[in-house]
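Number of protein chains: 2
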Amino acid sequence: MKDRFLKALRCEETDQTPVWIMRQAGRYLPEYRNARVRAGSFLTLCKTPELATEVTLMPIKRFPLDAAILFSDILTIPDAMGMGLNFREGIGPTFSKKLENLSDFKRLPIPNPEEELRYVMDTIRLLKRELGSMPLVGFSGSPWTLACYMLEGGGSKDFNHVRKKLFSNPTEMRYLLEKLAKAVAHYLEAQIDAGVDAIMIFDSWAGILSDSCFKQFSLKYLKDICGKLKEKNVPKIVFAKGGGLWLDSLAQLEINGLGLDWSIDLARARAIVGDKIALQGNLDPAVMLTDPQTVRLETKKVLESIGNRKGYIFNLGHGITPEVDPRHVEVLVDTVHSYR
Amino acid sequence: MKDRFLKALRCEETDQTPVWIMRQAGRYLPEYRNARVRAGSFLTLCKTPELATEVTLMPIKRFPLDAAILFSDILTIPDAMGMGLNFREGIGPTFSKKLENLSDFKRLPIPNPEEELRYVMDTIRLLKRELGSMPLVGFSGSPWTLACYMLEGGGSKDFNHVRKKLFSNPTEMRYLLEKLAKAVAHYLEAQIDAGVDAIMIFDSWAGILSDSCFKQFSLKYLKDICGKLKEKNVPKIVFAKGGGLWLDSLAQLEINGLGLDWSIDLARARAIVGDKIALQGNLDPAVMLTDPQTVRLETKKVLESIGNRKGYIFNLGHGITPEVDPRHVEVLVDTVHSYR
Numbered sequence: 001m002k003d004r005f006l007k008a009l010r011c012e013e014t015d016q017t018p019v020w021i022m023r024q025a026g027r028y029l030p031e032y033r034n035a036r037v038r039a040g041s042f043l044t045l046c047k048t049p050e051l052a053t054e055v056t057l058m059p060i061k062r063f064p065l066d067a068a069i070l071f072s073d074i075l076t077i078p079d080a081m082g083m084g085l086n087f088r089e090g091i092g093p094t095f096s097k098k099l100e101n102l103s104d105f106k107r108l109p110i111p112n113p114e115e116e117l118r119y120v121m122d123t124i125r126l127l128k129r130e131l132g133s134m135p136l137v138g139f140s141g142s143p144w145t146l147a148c149y150m151l152e153g154g155g156s157k158d159f160n161h162v163r164k165k166l167f168s169n170p171t172e173m174r175y176l177l178e179k180l181a182k183a184v185a186h187y188l189e190a191q192i193d194a195g196v197d198a199i200m201i202f203d204s205w206a207g208i209l210s211d212s213c214f215k216q217f218s219l220k221y222l223k224d225i226c227g228k229l230k231e232k233n234v235p236k237i238v239f240a241k242g243g244g245l246w247l248d249s250l251a252q253l254e255i256n257g258l259g260l261d262w263s264i265d266l267a268r269a270r271a272i273v274g275d276k277i278a279l280q281g282n283l284d285p286a287v288m289l290t291d292p293q294t295v296r297l298e299t300k301k302v303l304e305s306i307g308n309r310k311g312y313i314f315n316l317g318h319g320i321t322p323e324v325d326p327r328h329v330e331v332l333v334d335t336v337h338s339y340r
Numbered sequence: 001m002k003d004r005f006l007k008a009l010r011c012e013e014t015d016q017t018p019v020w021i022m023r024q025a026g027r028y029l030p031e032y033r034n035a036r037v038r039a040g041s042f043l044t045l046c047k048t049p050e051l052a053t054e055v056t057l058m059p060i061k062r063f064p065l066d067a068a069i070l071f072s073d074i075l076t077i078p079d080a081m082g083m084g085l086n087f088r089e090g091i092g093p094t095f096s097k098k099l100e101n102l103s104d105f106k107r108l109p110i111p112n113p114e115e116e117l118r119y120v121m122d123t124i125r126l127l128k129r130e131l132g133s134m135p136l137v138g139f140s141g142s143p144w145t146l147a148c149y150m151l152e153g154g155g156s157k158d159f160n161h162v163r164k165k166l167f168s169n170p171t172e173m174r175y176l177l178e179k180l181a182k183a184v185a186h187y188l189e190a191q192i193d194a195g196v197d198a199i200m201i202f203d204s205w206a207g208i209l210s211d212s213c214f215k216q217f218s219l220k221y222l223k224d225i226c227g228k229l230k231e232k233n234v235p236k237i238v239f240a241k242g243g244g245l246w247l248d249s250l251a252q253l254e255i256n257g258l259g260l261d262w263s264i265d266l267a268r269a270r271a272i273v274g275d276k277i278a279l280q281g282n283l284d285p286a287v288m289l290t291d292p293q294t295v296r297l298e299t300k301k302v303l304e305s306i307g308n309r310k311g312y313i314f315n316l317g318h319g320i321t322p323e324v325d326p327r328h329v330e331v332l333v334d335t336v337h338s339y340r
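Residue numbers (the numbering used here), protein chains in the order written: chain L, 1 to 340; chain P, 1 to 340.
Incorrect hints may appear among the rest.
Any copy, or any two copies together, can satisfy a pair, since identical chains are not distinguished.
Derived DSS-like pairs (lysine-lysine); straight-line CA-CA distance at most 25 Å [to be verified]:
| hint | residue 1 | residue 2 |
| --- | --- | --- |
| 1 | LYS300 | LYS215 |
| 2 | LYS157 | LYS98 |
| 3 | LYS182 | LYS61 |
| 4 | LYS7 | LYS61 |
| 5 | LYS220 | LYS301 |
I should point out that these hints are in silico values taken from the structure, not numbers from a laboratory. As the structure is a prediction and not an experimental result, all values here were calculated from the model.
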């Protein structure tokens, strides 16, 4: 049944528990690795709608998953703002520019999704033709997470530079985050107009913030975006990695689902957020590195832990890693679907 | 008053709020950088009691801090087990050996603290003579955190290898963790016998665990250690970085204080742990990178956030970083002591 994922997001009963996997179209798949070699780079895959479509469909063809997720990256917006995104083997994302101050922030254009990000919209339109009734998830990085990479010029162990700036110049940071919130809202609106069936916002670096900073510099802008997307009748999921302490606040957003990393027990999360919001997660991705028997056992433990599975979508607590044996995904999906 | 820190750990009233700083004898101090150059390496500083003593005293001479912390490293135990600890510039700790399986775990000796770790005990004895009534904090890494480094052969971004092993071979991991718990207990007992006034256990990698794994593979061994140290009449502090979701469980340990990273609001932490356990923390270390005015403002905000300051010790939420201007520490200590 192709509507399990969307039904679960509306907290309706489903025949089986829906399951998809963050980064399901990724390096653990040999066909993906081949496509990447042929394309020459990860960004070429993202930016060529035919290739991005092909890659998005790879896990769907292999496994009976309940949702497809657009093959793209959380950093498409800063790239479209002219920052020059690159991925270097073993290093991760880097920008050719690094933001420093307010005049840099002011110079950033808000991208027109049908122009600078047209490749994403074209991919969505292609995918909708291919997927039939299989739901497609669109996504973006959150303003805070985008700002982290934009101010550090790429990834970082602790993002000290951007954390410092929250304290030394909160006004400038608010200016930047507000602009990013507008850009993210436009981008997600355009994804919805192009046809995605659900959207997900990744706040990958929520967990490096203090309680007060999370509320001021991340949650506030998530709220703005969800408010702006209110009229679009498409379910919204927020995933704040390391944000287990803020589930009560996150549950106040105008969203349908919360993604959970593996640090929180699902029953506890359910008790905190109530039964109006779907939960999605949260198997430790390290389990996927073990063996079929352990994958089955640990998958069952996660399914047991939530109790009532209404409004629940199985996923990992973070993206699947490149070293995983694809047969373990088969075991995982089968275990979820056959669990009663 | 030299007894502020110990009084606060007993949840007694103090004239001023006590303050010390994790990694207070560190690279942000020019005199420390000189000593390190002279010694040739970080490990020589740790392993030469006269030098470790000199370095421990450096921040005490500069600032009116309320406690000294032994200059050492959380990885002295695996080094004493024969794993060959090294620190490489820009890389962090590495071991010359890497543990793989049960036979490796079985071969590990439990160090005799007065032999293989005698340099630590000698440093403590020297320090006690120098410090007078100033309290000295001894410490160790937690079994889980030691295991993380020992199985990866050093630091890691996500410790995938050790997390995998928790699932694929929990029995072997329990064997290792039990051995490490014994070693940590012996080590801390010896530190207490040598004269430290309080001990602190650093579970630096608690935050990468699932709820169930944290309870099985970290908390359990913290409990064993605290149980074994029960007869020693010296206050105990546990710091589980990223463990904000488990404060209720941590508060059940036989401890006097909990160290907190900056992700949790202090008033909320107080509400969870009750008023029998002292709290220590939790300014975001990134604040120390800003300017004197911001340091003062943000320090005051932390002091305000806890409400009643009985049973409270000011500290950062993690170690102070090398780029900090030492004058900011002066501002911080003054702000804490003059706050009413």
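How the hints compare with the structure:
In the homo-oligomer, the alpha carbons of LYS300 and LYS215 lie at most 25 Å apart only across protomers (19 Å), although the nearest pairing inside one protomer, at 34 Å, exceeds that limit. Taking the closest pair of Cα atoms, LYS157 and LYS98 come within 25 Å of each other both inside a single copy (17 Å) and across two copies (23 Å). Neither within a single protomer nor between protomers do LYS182 and LYS61 lie at most 25 Å apart by alpha-carbon distance, with minima of 35 Å and 51 Å respectively. For a Cα distance limit of 25 Å, the shortest separation of LYS7 from LYS61 inside one copy, 22 Å, qualifies, whereas the shortest one across copies, 65 Å, does not.
Proximity of LYS220 and LYS301 under a CA criterion of 25 Å is satisfied inter-copy only: 20 Å between copies versus 35 Å inside one chain copy.
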